[in-house]
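There are 2 protein chains.
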Amino acid sequence: MRHSISIIGSGNVATNLAFALCDAGYTINEICSRNINHAAELSDQIPGCVPTSHVNLSNSESRIFILSVNDDAIEHMASQIKLPLDSYIFHTSGTVDLGALSQIQANRGILYPLQTFSRNQMISFDKVPLLIEGDDLTTSGILFELGESISEQVLLATSEERRQLHLAAVFASNFTNRMLAAAQDLLSSTSLDLEMLKPLVNQSLKNAFKVGPDQALTGPAKRGDLATLTKHEQLLQSHPDLLTIYELLSQKIVNKFGESTDEI
Amino acid sequence: MRHSISIIGSGNVATNLAFALCDAGYTINEICSRNINHAAELSDQIPGCVPTSHVNLSNSESRIFILSVNDDAIEHMASQIKLPLDSYIFHTSGTVDLGALSQIQANRGILYPLQTFSRNQMISFDKVPLLIEGDDLTTSGILFELGESISEQVLLATSEERRQLHLAAVFASNFTNRMLAAAQDLLSSTSLDLEMLKPLVNQSLKNAFKVGPDQALTGPAKRGDLATLTKHEQLLQSHPDLLTIYELLSQKIVNKFGESTDEI
Numbered sequence: 001m002r003h004s005i006s007i008i009g010s011g012n013v014a015t016n017l018a019f020a021l022c023d024a025g026y027t028i029n030e031i032c033s034r035n036i037n038h039a040a041e042l043s044d045q046i047p048g049c050v051p052t053s054h055v056n057l058s059n060s061e062s063r064i065f066i067l068s069v070n071d072d073a074i075e076h077m078a079s080q081i082k083l084p085l086d087s088y089i090f091h092t093s094g095t096v097d098l099g100a101l102s103q104i105q106a107n108r109g110i111l112y113p114l115q116t117f118s119r120n121q122m123i124s125f126d127k128v129p130l131l132i133e134g135d136d137l138t139t140s141g142i143l144f145e146l147g148e149s150i151s152e153q154v155l156l157a158t159s160e161e162r163r164q165l166h167l168a169a170v171f172a173s174n175f176t177n178r179m180l181a182a183a184q185d186l187l188s189s190t191s192l193d194l195e196m197l198k199p200l201v202n203q204s205l206k207n208a209f210k211v212g213p214d215q216a217l218t219g220p221a222k223r224g225d226l227a228t229l230t231k232h233e234q235l236l237q238s239h240p241d242l243l244t245i246y247e248l249l250s251q252k253i254v255n256k257f258g259e260s261t262d263e264i
Numbered sequence: 265m266r267h268s269i270s271i272i273g274s275g276n277v278a279t280n281l282a283f284a285l286c287d288a289g290y291t292i293n294e295i296c297s298r299n300i301n302h303a304a305e306l307s308d309q310i311p312g313c314v315p316t317s318h319v320n321l322s323n324s325e326s327r328i329f330i331l332s333v334n335d336d337a338i339e340h341m342a343s344q345i346k347l348p349l350d351s352y353i354f355h356t357s358g359t360v361d362l363g364a365l366s367q368i369q370a371n372r373g374i375l376y377p378l379q380t381f382s383r384n385q386m387i388s389f390d391k392v393p394l395l396i397e398g399d400d401l402t403t404s405g406i407l408f409e410l411g412e413s414i415s416e417q418v419l420l421a422t423s424e425e426r427r428q429l430h431l432a433a434v435f436a437s438n439f440t441n442r443m444l445a446a447a448q449d450l451l452s453s454t455s456l457d458l459e460m461l462k463p464l465v466n467q468s469l470k471n472a473f474k475v476g477p478d479q480a481l482t483g484p485a486k487r488g489d490l491a492t493l494t495k496h497e498q499l500l501q502s503h504p505d506l507l508t509i510y511e512l513l514s515q516k517i518v519n520k521f522g523e524s525t526d527e528i
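Same order as they appear, the protein sequences are chains B and U. Be aware that the first sequence starts at 1, since it is given in the working numbering, and climbs by one per residue. Be aware that the second sequence starts at 265, since it is given in the working numbering, and climbs by one per residue.
Honestly, the hints are just simulated from the structure, not real lab data. C-beta atoms are modelled at their ideal positions from N, C-alpha and C, and glycine is treated no differently. Don't take every hint at face value.
Straight line, CA to CA, 30 Å or less: simulated DSSO-like cross-link-like pairs of lysine-lysine [what the hints assert, rightly or not]:
#, chain 1, residue 1, chain 2, residue 2
1, B, LYS206, U, LYS486
2, B, LYS222, B, LYS198
3, U, LYS462, B, LYS127
4, B, LYS198, U, LYS516
5, U, LYS474, B, LYS210
6, B, LYS222, B, LYS206
7, U, LYS516, B, LYS252
8, B, LYS252, U, LYS470
9, B, LYS127, U, LYS346
10, U, LYS474, B, LYS256
11, U, LYS474, U, LYS486
12, U, LYS516, B, LYS206
13, U, LYS495, B, LYS256
14, B, LYS252, B, LYS231
15, B, LYS82, U, LYS474
16, B, LYS210, B, LYS256
17, U, LYS495, B, LYS127
18, U, LYS462, U, LYS474
19, U, LYS486, U, LYS470
20, U, LYS470, U, LYS520
21, B, LYS206, U, LYS391
Pairwise CB distance ranges, derived in the manner of DEER restraints [unchecked claim]:
#, chain 1, residue 1, chain 2, residue 2, range
22, U, VAL314, B, GLN121, 51 to 61 Å
23, B, LEU98, U, ASN519, 26 to 36 Å
24, U, GLY405, B, LEU226, 27 to 37 Å
25, U, PRO504, B, LEU156, 29 to 39 Å
26, U, PHE521, B, GLN251, 47 to 57 Å
27, U, ASN519, B, ASP23, 35 to 45 Å
28, U, SER388, B, LEU137, 32 to 42 Å
29, U, GLU416, B, LEU156, 40 to 50 Å
30, B, GLU160, U, PHE473, 25 to 35 Å
31, B, SER238, U, LEU420, 18 to 28 Å
32, B, PRO47, U, GLU412, 51 to 61 Å
33, B, GLY212, U, HIS318, 32 to 42 Å
For reference, chain B alone in the conformation it holds in the complex (with noise of 0.2 Å):
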């Protein structure tokens, strides 16, 4: 028989989980929040599921705690949390260790979705990669359980591994975006939008993917075209952040690529 759950937070990542795992079966039993509102907006939509926003759960039906909750929160709620006995926790963060759950009387794991949520927009979870670590093999299993009745792809990866992966996950995704947000930026002063580059962004990263960055990079930096990177720093010379974004990383591009070996 599979554990019941409850979880312990109603943000971003609370929310599509929920969802996922309600959808997956699972008895979702409470949503615990410190905004009871926040919690019955969710519970709401999870049948038999109820709100609470009091963090002793030792009368829970659930075995299954996810506390998915800020990353800097996690410490502290765990340190409050009170849960029924031989029950399971597991946070989600990318960056926070198991050491963190220490305060908890319970067997302690991490269940860390490589993805990006948004409580507007629920996600397939399918193709998310699951990052999980338990403190022993039972918790590990159930970890499996529980990510396998969700995604395809479920891994076992040590807190260092996750650690890196969440910082890559900055770069490949929160950085990517603000190359989008300095494109629309740049385009503000023009009748032309954003969603014109889409097509071009789309093609980028898709051979970004296929035969890795450095072989699937153009442009001018690449080719070494010094009279095209020379207007394109003083088109910004109104934009000076961006200017600095772009001498850095078109620095680090020639100095990688060096000259054009590309003729006519």
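Fit chain U to the known structure of chain B by using the hints.
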């Protein structure tokens, strides 16, 4: 009757354009490249097309000549090329003005395809935005006809708009590529592969185009999670160049979005 075409250049853009125009039913008479082997490599794949290394094309049967060479070679090439009377010459650069073609006796225009191209993988042009600019209405009309034969999105753009878009494209394509290269570097010390970040990157960019980059952004800097930022900066001590990028972009995000409003 459609004019027939010659292409000067045999690089990534030239190759992709040659195939797209051939597929659209245009006759491609010549591929001209300083390196005859490069010209032949491309012309051999196009029925009825011959290679040449001579820039005196005044006996060509073509009326349209597409000059698709590196940006910094356009003006020099334009000073060498000889064309038949009443021809059209179009370059394909995002950054170079029409003026660069002024030494050619011909109607002048620009056909800038906003996409990243490789010689090894042909792109379907259907969704590639083509930005055109002609030095008179007849030339713009010819450009429109040519563009619409291969793409659903042909737009008149001023040189200023095209330059701005090209610069935006560097951020959106080349620099997002560099963020993936950084992620790959960071994963090289683990057993994890860049491929694992693909669902995250795809979702993240999908969100950015759907609701705008600012609204779509997630991650520690947006949440104002300073503890995670500090941990990441520690992890990056052995990657000083990535640390500089991390600090710069994170600071920009923190300045823009301030502290978190997320609750548990």
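Now for the hints, and whether the structure bears them out:
1. B:LYS206 x U:LYS486: holds, 26 Å
2. B:LYS222 x B:LYS198: Measuring from Cα to Cα gives roughly 21 Å; hence the hint holds.
3. U:LYS462 x B:LYS127: holds, 10 Å
4. B:LYS198 x U:LYS516: Measuring from Cα to Cα gives roughly 24 Å; hence the hint holds.
5. U:LYS474 x B:LYS210: holds, 24 Å
6. B:LYS222 x B:LYS206: holds, 18 Å
7. U:LYS516 x B:LYS252: Roughly 20 Å between the alpha carbons, so the hint for LYS516 (chain U) and LYS252 (chain B) holds.
8. B:LYS252 x U:LYS470: Answer holds: LYS252 (chain B) to LYS470 (chain U) is near 27 Å, not above 30 Å.
9. B:LYS127 x U:LYS346: violated, 56 Å
10. U:LYS474 x B:LYS256: violated, 34 Å
11. U:LYS474 x U:LYS486: Holds. LYS474 (chain U) to LYS486 (chain U) sits at ~18 Å (cutoff 30 Å).
12. U:LYS516 x B:LYS206: holds, 27 Å
13. U:LYS495 x B:LYS256: holds, 28 Å
14. B:LYS252 x B:LYS231: holds, 18 Å
15. B:LYS82 x U:LYS474: With Cα atoms ~41 Å apart, LYS82 (chain B) and LYS474 (chain U) exceed 30 Å; violated.
16. B:LYS210 x B:LYS256: Distance ~20 Å between LYS210 (chain B) and LYS256 (chain B) Cα, so the pair holds.
17. U:LYS495 x B:LYS127: holds, 28 Å
18. U:LYS462 x U:LYS474: holds, 18 Å
19. U:LYS486 x U:LYS470: With a Cα-Cα distance of about 18 Å, the restraint between LYS486 (chain U) and LYS470 (chain U) holds, given a limit of 30 Å.
20. U:LYS470 x U:LYS520: holds, 22 Å
21. B:LYS206 x U:LYS391: Holds, because 15 Å separates the two Cα atoms, which is no more than 30 Å.
22. U:VAL314 x B:GLN121: 51 to 61 Å: The hinted range 51 to 61 Å holds for VAL314 (chain U) and GLN121 (chain B), with Cβ atoms some 54 Å apart.
23. B:LEU98 x U:ASN519: 26 to 36 Å: holds, 33 Å
24. U:GLY405 x B:LEU226: 27 to 37 Å: holds, 36 Å
25. U:PRO504 x B:LEU156: 29 to 39 Å: Cβ of PRO504 (chain U) to Cβ of LEU156 (chain B): about 31 Å, so the range 29 to 39 Å holds.
26. U:PHE521 x B:GLN251: 47 to 57 Å: At 28 Å between Cβs, range violated.
27. U:ASN519 x B:ASP23: 35 to 45 Å: Hint holds: Cβ distance 39 Å, inside 35 to 45 Å.
28. U:SER388 x B:LEU137: 32 to 42 Å: violated, 50 Å
29. U:GLU416 x B:LEU156: 40 to 50 Å: holds, 47 Å
30. B:GLU160 x U:PHE473: 25 to 35 Å: holds, 34 Å
31. B:SER238 x U:LEU420: 18 to 28 Å: holds, 25 Å
32. B:PRO47 x U:GLU412: 51 to 61 Å: holds, 53 Å
33. B:GLY212 x U:HIS318: 32 to 42 Å: holds, 38 Å
Checked against the numbered hints above, the structure breaks hints 9, 10, 15, 26 and 28 and satisfies the rest.
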